[in-house]
Each structure stands twice: as structure tokens, then as C-alpha cells.
Amino acid sequence: MAEIIQILILGLALGGVIALMGSGLSLVFGVMHIVNLAHPALIIGGAYIAFWGFRLLGIDPILMMIPSAMIMALVGVVIYKLMFEKEARSAKYSEMTVLLTFALAMIVEGLLGSLFTNTHRVTSPDYATEAFFIGNVFIPKGQLYAGVLSLTLIAGVALFLKYSRLGYAIRATTQNREAAELLGVNVNRISIISFALGLGLAGAAGALVSFVFSFFPAKHWEWIPMLMSVVVLGGMGSILGTVIGALALSVIAAFVGTWIGATWSTMTFFLALFVILLVRPQGLFGDKPEMS
Amino acid sequence: MATNMNQASVSAVVEARRAHNLKLARKADQTRVLWFPVAIMAVLLALPLLQYAGNYNYLLHLVLFTASYVAMASSWNILGGFTGYVSLGHSVFFGIGGYVAGMILTRYGISTLITAPLAGLIAAIIGYGVGMITLKVRGPSFIISSIALLMIARILFDNWQFIGGANGLTLPSNDLSVQWSKLPYYYAMLAIAAITVWSSYKIKHSKFGLGLRAIAKDEIKAESAGINTRFYKVLAFALSAFFVGMAGAIWGEYLTYLRPNIFLLIGVSANLVLMCILGGKGTIAGPIIGAILIVALNEIFVALLGASEVNILGTGVVMVLALMFFPLGIIGTLARKGKLPRLLNWD
Numbered sequence: 001m002a003e004i005i006q007i008l009i010l011g012l013a014l015g016g017v018i019a020l021m022g023s024g025l026s027l028v029f030g031v032m033h034i035v036n037l038a039h040p041a042l043i044i045g046g047a048y049i050a051f052w053g054f055r056l057l058g059i060d061p062i063l064m065m066i067p068s069a070m071i072m073a074l075v076g077v078v079i080y081k082l083m084f085e086k087e088a089r090s091a092k093y094s095e096m097t098v099l100l101t102f103a104l105a106m107i108v109e110g111l112l113g114s115l116f117t118n119t120h121r122v123t124s125p126d127y128a129t130e131a132f133f134i135g136n137v138f139i140p141k142g143q144l145y146a147g148v149l150s151l152t153l154i155a156g157v158a159l160f161l162k163y164s165r166l167g168y169a170i171r172a173t174t175q176n177r178e179a180a181e182l183l184g185v186n187v188n189r190i191s192i193i194s195f196a197l198g199l200g201l202a203g204a205a206g207a208l209v210s211f212v213f214s215f216f217p218a219k220h221w222e223w224i225p226m227l228m229s230v231v232v233l234g235g236m237g238s239i240l241g242t243v244i245g246a247l248a249l250s251v252i253a254a255f256v257g258t259w260i261g262a263t264w265s266t267m268t269f270f271l272a273l274f275v276i277l278l279v280r281p282q283g284l285f286g287d288k289p290e291m292s
Numbered sequence: 001m002a003t004n005m006n007q008a009s010v011s012a013v014v015e016a017r018r019a020h021n022l023k024l025a026r027k028a029d030q031t032r033v034l035w036f037p038v039a040i041m042a043v044l045l046a047l048p049l050l051q052y053a054g055n056y057n058y059l060l061h062l063v064l065f066t067a068s069y070v071a072m073a074s075s076w077n078i079l080g081g082f083t084g085y086v087s088l089g090h091s092v093f094f095g096i097g098g099y100v101a102g103m104i105l106t107r108y109g110i111s112t113l114i115t116a117p118l119a120g121l122i123a124a125i126i127g128y129g130v131g132m133i134t135l136k137v138r139g140p141s142f143i144i145s146s147i148a149l150l151m152i153a154r155i156l157f158d159n160w161q162f163i164g165g166a167n168g169l170t171l172p173s174n175d176l177s178v179q180w181s182k183l184p185y186y187y188a189m190l191a192i193a194a195i196t197v198w199s200s201y202k203i204k205h206s207k208f209g210l211g212l213r214a215i216a217k218d219e220i221k222a223e224s225a226g227i228n229t230r231f232y233k234v235l236a237f238a239l240s241a242f243f244v245g246m247a248g249a250i251w252g253e254y255l256t257y258l259r260p261n262i263f264l265l266i267g268v269s270a271n272l273v274l275m276c277i278l279g280g281k282g283t284i285a286g287p288i289i290g291a292i293l294i295v296a297l298n299e300i301f302v303a304l305l306g307a308s309e310v311n312i313l314g315t316g317v318v319m320v321l322a323l324m325f326f327p328l329g330i331i332g333t334l335a336r337k338g339k340l341p342r343l344l345n346w347d
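So the sequence lines, in the order shown, correspond to chains A and B. Going letter by letter, the first sequence gives residues 1 to 292 in our numbering. Going letter by letter, the second sequence gives residues 1 to 347 in our numbering.
If we strip away everything but chain B, and leave its shape as in the complex, we get (with noise of 0.2 angstroms):
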């Protein structure tokens, strides 16, 4: 009786907090500024309109190219920035998506944007093979494989015959005029990009987030408070994996060439973790803040300077400052002070 009396007392508590919870968040999202996600998309949608107007292709490449790098960011997040385990040979996966859709395009001819879920969810598949085995290291030594397996695939991808070796594939491209012809990429990336900031929303508010974000803060203490972290973070692996494949494949498509020293480059690794250090790690809205802010900043100093050596070297430089001075990014930074403006607060 005294058992039934305590069992009812304490479903009763963790009813009302969950009550109380359910409350809070809705209080949340009433504050949570949506129309204004919705209506950079709405503007970004409308864009190509610009085409009847006049030539905007260059506007266009810029779009879609950060729509990339956002959907990249972004699922880098999830690995890097919730789960704390930073990759920097997410670029395989990049590689991998591209050079999977682009050889069904070549032998069967169907459209990377058919089959950019597919070439995601081998990457996924791949990336959880990968995860299984180096995600029983972590901190400088998940890095470390992490650039090994960078490194493994540039060999695999350089040697391989089947897939063009060092001089890769040249893909066929689409028969649209030269005013319309982003215009199915530019969508795609859109889309993509769309898709994953929003899972990366839905997955920082689940219960798989939240076991996520423990495992970055202590890993011990989490699996003692019984989380399966080995599965918790292979998965995360995996999603990660899974979204920068899916970019992967529209890029392949769009570029209308693959070649390894294109798609495993160290460097687009690289700019996925400066993107989310700069625009805050384990937000929703950094990675996509950093994702322009380093677009930008290479079109410039491409613009100004041209060299990529220059590039590099910039690159390098932005990391150094960004990572001793500001290591919590620019919305981690705003929201700490409380100075977040509600727009940006998307978390």
C-alpha cells in the first residue's frame, strides 16, 4: 500500500514538471521569432526572379554556394558543436555524396537531385561504420583519426580507377539555358539547407539532443546517468554524415565535374569548424551566421587579393583570433551577455 501511495505520489510530481516544462517551452516559442527564418527563405525563393531583370548568375553562385556551407555547418554542428567531438575530415563525406550521385548520373543518367537523399544515406551508412570504430578515442585523438581518415579516402579516391582516379569524372549538364541553369541547384541547396537547420533545431530539443549535449559537457557522468552514449554518439556521426553527403551530391551535379582534390580537400573541413566556432559552436543560428561571414570573407579576399595561398593563410589567421578571443562565437558571446536580439535567438 506504502509502495502504491509513494509510486502515486511521485508520478504526480513528475507529472506536474512535465506540466511546468510543457509550459516553459511554450512560453519559448511564443517569444521564438519564426516569421523571420521564414521570410529570408521567402526572399531567397523569390530571388531568381532577379533573372528577368538582368544577369544575377554571380548572385545566384553566391546563394547557393553558402547554402552549402550553411547545410555543412550546420551538420557539423551536430557532431562538433552539440555532441563536442570535432572532426576535421567531415570533407569525406562531402566526397563521398558528391562521387556516389554523380556515378549513378553517369551510368544511369538520373539527376543528382533524385538521388541526393541516397548518396546522404550512404554517407550516413558509412559515417556510422566510420563512427563505430573512431569514436572510442575522443579529444585530440578523434581529431587526429579524423585527418587520417581524410587522408585514407584521398588515397582510396586518388587510386581508384572506376571512379576516374586523381582526374576524376566529368558529370553531363543539364540542357537549360545559361540564365536558368543554377536555377534547379539553387533550389536543392536551398532546400537542403533549409532541412537541416531545422533537424538540427529538432534534434537539439529531443531527448537524443539532450543525452548529445551531456555527452559534450561530461561523457562519464552522462553514461552513468545511463545514457547509451556509444549509440548516442555514433548516431550523431551518422546524421552529421548524412546531410553534408546530401550537399555533396547537388555540388557534384552543379560544379558538372568530381575530382578528389575538389571534394578532400582538408580545407572545406576546415571551414566548417571555423564557420561554427566564429558563428558559435552548439547554436542553431551560428553555423549559418559563420557560414556567410566566411563566404564573405573569402570572396573578398579572393577578390582583393586573388592568390589562395592568401587564402589559407587568411583562413588560418580568422581561427587563431576567433578561437583565443572569442571561443564562444558571436551568438554564444551575445547570448551570454544577454544581448541576443530575439531575431537570431533561434535555439
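The following block holds chain A by itself, in its conformation from the complex (with noise of 0.2 angstroms):
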């Protein structure tokens, strides 16, 4: 029995940083109907920023994720002006958006390659490496911290989206961009916006994750499925769906882990995609038949 609960704070903590490293990318899929495949290479980016602020300055990862999250968005900015504004009103515009974010994808894994080569890092502040007891059961502090602080800052955004006049226009866009843009919403500032949000998203997760996984620029390849099957399960768009969707595959992947092996937790995610793919590809929360 202390297994069984051991297993799920543990998976339950993770799934915590795994929302949040997929809520950005839900957000940005969304409002402007972009899979953006970058993400996780702009997780991994937030990652190093983190890790440099901690080796070079000093400051705790937790709070390199306002540094980080804002540097973030900035590129977010960047990057939708120089490659999506142009392309809002092509024909196959979701397809397209797929391979300019692979491409993407290679850009940033190239250029975190050739500046911070391919070691494997892991910032390490005290509480990475120490644990709470209750009992039996152990709560390592990093996993802990990271969890919560990602819930956390997901019901801030989702309270942030429910609430303020940004937020009901972002939500408007989601569900149907002519009509928000008909009733004077300017659709093209609200996708620069919520890329921006997404991306700062993936900025601060990636100074939480820096403590949790150890990464290296290319790790972002087994995150693309990893999280793409978290936002697929919850619903693309939805961020409540991908926070259940996090939730429920990381406890299933964690016994998978310590039941099975380590090498078939990552597994669980990939499976879990395709079969979500196959039987239900709109997700738990999401309502379009198909994101196409």
C-alpha cells in the first residue's frame, strides 16, 4: 500500500511539470490552430537559462523562471512576426505550421547544440537532491516544489483567461476567430499575445524542469511525443484537459516505471498517443473532430 501511494505522489509531482510544459502548447494550439513541434526545444532553451543563472550568478532555478519566462515570450514575439504572421491565411496553413516549427525545432536544438555542446546538465540546488518523510513514503523536495508551483501557475493562467478582458478575448479567438474578429477583437494582436504566453509558459517550465530531468539539446526529441500525447489526451485547446491529461499518464507512467522499467515509462506516453490518436483523436475535453 505505501508503494502503491509512493507511486502516485511521485507520478502525481512530475505530472505537475508536465502540465505545465504542455499548457503552452495547448494555449498556442488553441488560438491560432499551431502545433507548435518548437516547444519543447524552447522548453529546453529555458532550461539553459536557468542552468547558466544558477552556475554563473547563483539565483535559485525557481527563480530564474520569471527571467526565463520573459525572455521566452520575447522570443515568442520574435519568432511569430518573422514566421507565422504571413503565413495566418495560407491554404494548408495547420500543416505548414507543423514543418516551420519542426524546422524551428532543429533551429533552436542547433544553436543550443553549438553554443552549450551536448552534455547533459541538471541544475542542482539544495532541495534537488533532499526529501520529505511521511511515514514510509518519501517526497523528493525538487519534484514537490516544481509540481506545485506548476499547478499553481496554470490556475493562475486559467484564472487569468476566465477573468480578465484579455483573457474573455483570447477565449473568444479560441473558439472562433471570424466571429471574435467581427466583434473587434484584433485577432492578430491576441495571437502575438497568447504565443507570447505560451512561450513564457515554456520559459518558466523549463527552469522548473531544469531541476527535475537532466537535459541536453537534443533530449527535445522525446518530448515532442511525450507532451503532444498529454495535450492530445486532454483535448488540444484545452488547459484543464492537458492538467488532467499530465495527471493521469504520468501516475500511468510512473508504475509502468517501477513496475516494468524505467525505459517503458517513456513508452506509456508514446502508446498512450497513438491509441488517443486512433480512438479518440479529439481528446477527453476537446470538441473538434479533428485538428485539421
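I should point out that these hints are in silico values taken from the structure, not numbers from a laboratory. Heads up, a few of these hints could be off.
Lysine-lysine pairs mimicking DSS-like chemistry, simulated, CA-CA at most 27 angstroms apart [to be verified]: (1) B:Lys337 - B:Lys202; (2) A:Lys86 - B:Lys136; (3) A:Lys86 - B:Lys337; (4) B:Lys23 - B:Lys337.
Bring the two chains, given one by one in their own frames, into a single complex with the hints.
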């Protein structure tokens, strides 16, 4: 019993982080129908910002969330202006953007690789190696902090989307782009803002990821299917769905990892992606029949 | 009686239309410059004679490497260009082909030159099975599922000890002298490339190819026009896996080792996509030109800058530029402007 609780707690803590990693992806898809394959690569970019902040300046990676998110949001504005503003009206838009973001992911990977080499990195603040003990169950501090912070941040974003005026506009654009435009929403501005917000979330996630997982530039290829499975399970565009998808899958992955073998825990996400795409492509909370 | 009359006149119209189409096709055939690909092929076949004059192993290697990419890109084009389903996981079939033929080579000592078609066939069968599953979704979902496929294959190959796991397999090298050791693979790869290009031409000009192109334009309309879209798509997937698998088989024995981190790279798939986009998706000559350009570019990048990270960066930049400013590719753009030289009009 203690073992099951233990696995459950580890799975949920990791799930929180994965939810944050996926939420930006989901937001960007919801508003702009861009499947941003470069999102995981940019998360790694955020992780490097936190890593160097910690290594060179001794700033706690949790604090580094803020500069990392801001830098990534800026990067997002630049990327959007350069790559997607013109594409927004082309015919095969969504397929085109997948290829574009795929190429972008390669650019980010290549840049990070030539700047920082392919060494495995991880930030090591004290709490990354410490744990709380409750009876027989231990909770690693790093994962707990990261998970709780992630879920708090997502809750904040969800509240912002729900109650702020800008949030209304973003949700309106998600639901129906043309109608929102007719009602006077500046759709292009909303697109830029939500793209920046999405990448800001990537930056914040990167800072948290930096002490939870070890990372290197090419790691993001593993994260693409992992995050996609989470986001697709929740229904592309639904942030609540992404959180639930992330928690569910990472708990399953934790059980698979303990009982079957560590290499198979990542496999859970990939196989889940396959199964979800086949059985219910719109995900648990999505209402679109297909994302095309 | 009236119906008979109707049928007779309908069949007469159909007959006349078919005759007209045949005439057009014959005309197109006459203007096609058949001697050009034949001449290129003849030059490439004679190229190893240079070995008598000196050491041109690097040149042969480059031609072999380009030929392997020509085969794979043309093969990818059947699915990605004609049918419009972009796969980023095609290196899976490269790996399957390489491993099937490589395992036969280590176990039974039968050269991959003989077993390549078998390896291709197995890749095609697996492609058929995978296609049955993943081709249910289209657009971005399909692209993502193809990446997931690659990741799944990578984990399986890395952990399957029977085929050497992450360390891979070392294959016996042939006992020819250094001067001639590349030769069998050189000719085999050239043959595979030629067969692939010829097949993709034949497919494009068949009823099957017409169906595929209809699927790319509008799948729902194609289906309502009576095309068995599901079967067509899956068959296209299997065919495009077949040639990639064959190329993988030869490439494995040529390298003399098999390793998941050489065969199951997303970079290989990315190259295939890039070659087809740069040359012209859905054209016959496009993938060939794309392959030549990208291999040349890669060599220049590596020679000038060395690091493979810069190579990834360069590939990404070229891909973004091609997608944004040149979506039809070289052949496609020239053809649209009506400036395509007859030498390159292979469609």
C-alpha cells in the first residue's frame, strides 16, 4: 500500500511539471491552431537560462522562472512576427505550421548544441536532492516544489483567461476566430500575445524542468511525443484537459516505470499518443472532430 | 432500345476521349528528353573506371550517399508528395531494412545485395500495418503520430538485445581490396535509386497515382468519387516504406555496422522532407535535385564548420526559408512560371 501511495505521489508531482510543459503548447494550439513542435526545444532553452543563472550567478532556479519566462516570451514575439504572421492565411496552414515549427525546433536544437555542447546538464540546488519523509513515504523536495508551482502557475493562467478582459478575447479567439474578429477583437494582436504567453509558459517550465530532469539539446525529440500525448489526451486547446491528461499519464508512467522497467515509462506516453489518436482524436475534453 | 442507343453513344464518347488522351500522352512522351536520365545513368555507371586513374573513393562515396537519398526522397515523395501525408518517421523503415538484411548477413552470411528486396518487403509489410493505424488521422495528427512511431522504434531497438541493443551490430566487411570494396554497394544503390525514380514515375502516371493525387487535393471528394482512399493511402505508405527499406539494407552493409543512433535519427527523416520540399513536392525530378543540393550543402557545412550541431542548425534554417519563400520547390516554381527546361521535365 505504501508503495502504491509512493508511486502515486511521484507520478503526480512529475505530472504537475509535465502539465506546465504542455499547457503552453495547448494554449498556442487553441488560439492559433499552430502545433508548435518547437515548444519542447524552447523549454530546453528556458532550462539553459535557468542553468546558467544558477551556475554563474547562483540564482535559485525557481527564481529564474521569471527571467526565463520573460526572455522566452520575447523570443515568442520575434518568432511569431518572423514566421507566422504572414502564414496565417495560407491554405494548408496547420500542416505548414507543423513543418515550420519542426524546422524551428531543429534551429533551436542546433543553436543550443553549438553554444552549450551536448553534455547532460541539471541544476542542483539543495532541495533537488532532499526529500520529506511521511512515515514510509518520501517526497523529493525538488519534484514537489516544481509540481506545486507548476499547478499554481497554470491555475493563475486559467484564472487570467477566465476573468480578465484580455482572457475573454483570447478565449473568444479560440472558440471562433472569425466571430471574434467581427466583434472587434484584434485577432492578430491576440495571436501575438497568446503565442508569447505560451512560450513564456515554456520558459517557466524550462526553469522548473532544469532541476527535475537532466537535459541536453537533443532531448526535446523525446518530449515532443510526450507532451503531444498529454495535450492530445486532454483535447488540444483545453488547459484543464492538459492538466488532467498530464496527471493521468504520468501516474500511469510512474507505475509502468516501477513495475515493468524505467525505459518503458516514456513508452507509456508514446503508446498512449497512438491509442488516443486512433480512438478519440479530439481528446477527452475537445469538441473538434479533428485538428485539421 | 433507347437505353442501348444511349449506352452505345456513351461508350463511343468514352472511346473517343480515351483515344484523345492517348494521343496527348504520346505527344508528351515525344517531347520528353529520355536521353538525359539515361546519359546521367551511363556516366554514373562508368564512374568507377576512375579508380584505375587514382583514388576516387570519396567521389564514389558521395555518389552512393546521394543515390541513397535520391531513393529515399523519391520513395517518401510517393506518400508525402503525391498523397499529401507528411511523415517525419520514415527513418524507421530505413532502420528496419538495415536491421533485417544485417541480421540475415550476420546469421547466415547472405549478402544484403541479395536480401535487400526481402528487407524492403518486410519494411513494406510493417509499413502497411502501421499505415492501417496511423493513416486514420490526417494533417498535424498524422505528422505527430509519425514522430511518435520513430520514438517507439528507437526505444524498442535500443533495448532489444537480440539485435544488439544500443550498441548495435557489427557486420562482416567484404574481402575486396580498398580500391574496389565500395563497388558492389555503389551499383546496388544506383540500381535502387533508378528503380525508385522509375517506379514513382510509373505510379504517378497510373490510375493509382491519380487516386493518390486526388486524395492530396481533397480526400472527402476523392472518396465520394469512388476511390478507396483508405486502401490507396495504406498502399502508398507501404510502397514508400519498401524502397526506403531497400536503401537501408544496402547502407547497413556498406557502413559495416548497424546502430539505432545512426539509422533511427529524426534528422534522416527531416532530410527527406527537406529534399522533397526544396526540389518540389509531388514531382519526379524534384526529390533528385533536392537530394543532390542537400547532400552538397551538408558536405560544405561539415567541411567548413565541422560540428554536427551547426549542420542541424543549417538544415533548420534552409527548411524554414524553403517553406516560407519557396513552398513549391525548384521544379514546382519553374513549372508554374512555364520556365522548366525540358531536360528536367520528368513528370
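To see whether the hints hold, each was checked on the structure:
no., hint, verdict
1, B:Lys337 - B:Lys202, "holds (25 angstroms)"
2, A:Lys86 - B:Lys136, "violated (30 angstroms)"
3, A:Lys86 - B:Lys337, "holds (23 angstroms)"
4, B:Lys23 - B:Lys337, "holds (25 angstroms)"
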